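Guided by the hints, dock chain B onto chain A, whose structure is given.
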Amino acid sequence: MPKKKLQKSFEDDTSILPGGILFSILVRLPVKALFRFQSVSMSWKTIIFDKNFRKAHRNQSRALGREKLLLRQRFSCDFVFRDPESAQLVMMDEKQLFPTNSLVVGSCDGLVLLKNVRAYKVFALWNPSTREYRIIECPYVSKKNLQVLVVCVMILRLTITRLY
Amino acid sequence: MVKLKSNDDKEFEVEEAAVIQSEMIKNMIEDGCATSVIPLPNIDSKTLIKVIEYLNKHINMGKAAETGEEDDLKEFDEQFVNMGWEELFDVIMAANYLNIHELMELCCQSAADRLKNKSVRAVREMLKITNDLTEEEEQEIINDAPWAFEGPEIDDTVN
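Order-wise, the sequence lines are chains A and B.
Using this note's numbering, you'd call the opening residue of the first sequence number 1 and step up by one each time.
Using this note's numbering, you'd call the opening residue of the second sequence number 1 and step up by one each time.
No lab work stands behind these hints, which were simulated from the structure alone.
For clarity, every value in this text was computed on a predicted model and none was experimentally measured.
Each hint should be verified, as a subset may be incorrect.
So, partial list: chain B residues that the calculated Cβ filter (under 7 Å) puts toward chain A [stated by the list, open to error]:
| no. | residue |
| --- | --- |
| 1 | Ile129 |
| 2 | Asn131 |
| 3 | Asp132 |
Rough simulated footprint, nothing fancy, chain A against chain B, three-plus residues with beta-carbon under 8 Å [to be verified]:
| no. | stretch |
| --- | --- |
| 4 | 85-95 |
| 5 | 104-112 |
| 6 | 121-127 |
| 7 | 139-150 |
For every residue, glycine included, the Cβ atom is placed at its ideal position computed from N, Cα and C.
Isolated chain A (complex conformation) (with noise of 0.2 Å):
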C-alpha cells in the first residue's frame, strides 16, 4: 500500500476520487496509458513514478496474465508489439531501440536481452512495454554460443529487479 510521500499526493487532490481507489484504478491500466496519464496532474505524477506503485503494477500485470507478442520482421527486422487481445499493431520506431542490428537471445518476465552482433560483450536489456533499455557490457563472454546463454540467463534473472 502506498507510503507517506504518496499519502500526501493522495490528499492534495482536487478530483471526486480518493487516493487509495485511485491506485487501484490506476495500477490495473496499461503502461502506455501510464506514460500518458503522468501528465495529468501532479497527485497523478506522483503516484505513477512512485516505486511502491511500479511494483504493485507489475504484480497486478502479472496476476491478470497479460500477454504481448513481441514479432520480428523478416526483411527490415523491426520489431512490432502486439496485444493478443486486440488487433492493434504497435510499430516500435527505431530510433527508440537499441541498435538494430541485434539479435535477440532471450525474453523474461517482460524484458528482452539483445545482443549486439558487431561488438559481441555488448549487450542490452529491453523493455518493449516502456522502450526503454540498458547496455550491458559483459566482459566474460566466450564467443561460444552456449556459454553466451548461459550468462544471459544468468544476467537477465540479476536485473529484472533493477530495471523496475
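Same frame as chain A, now just chain B:
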C-alpha cells in the same frame, strides 16, 4: 437474515451467506455487533441495491465452478458494470467501504478499461481534476515518451 440500512433510511434484508462476502460485515457478525440493523452511513439506497444484487448473484461462487455456471457469472459481471461513470464510482466507494474484494476488483478494472485509451484532457474532465503542472513540466513528460501520446486508439471524448 441480516438487515442493512442505507443513508437515506431504507432497510434491506440480505441472506447472511451473501452479506459475509463483505469483510467488514463478516467481522461485525463474528464480533456479535450485528444483532439488529447495520447502518451504512456512506451508502445510498440506489448503490446499496446494486451491491446487494451483486452479493446475491455471487453467493454460490464456489459452487459455480462445479456446476459449470462460471460463464453465467461472467456474463452477469459484464452486464453489472455496464453503468454510468458516477454510478460506477459510487459502487467502488461502497465496495471499498464494505471491503468486498471481488466487487472492488471488478469495478476498478472496468474503470481502468474506460480510461485506458482516453486522452489526458478527457481524463481531467471525466474525473474533475485540476491540472496543477506547469507547462514546462507537462512538456517534459510528453518529450520523455512522445509515443504514449500518439496512436489511433487515443480517444478525446468524455463519456
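Worksheet item: Failing hints, ascending?
Response: none
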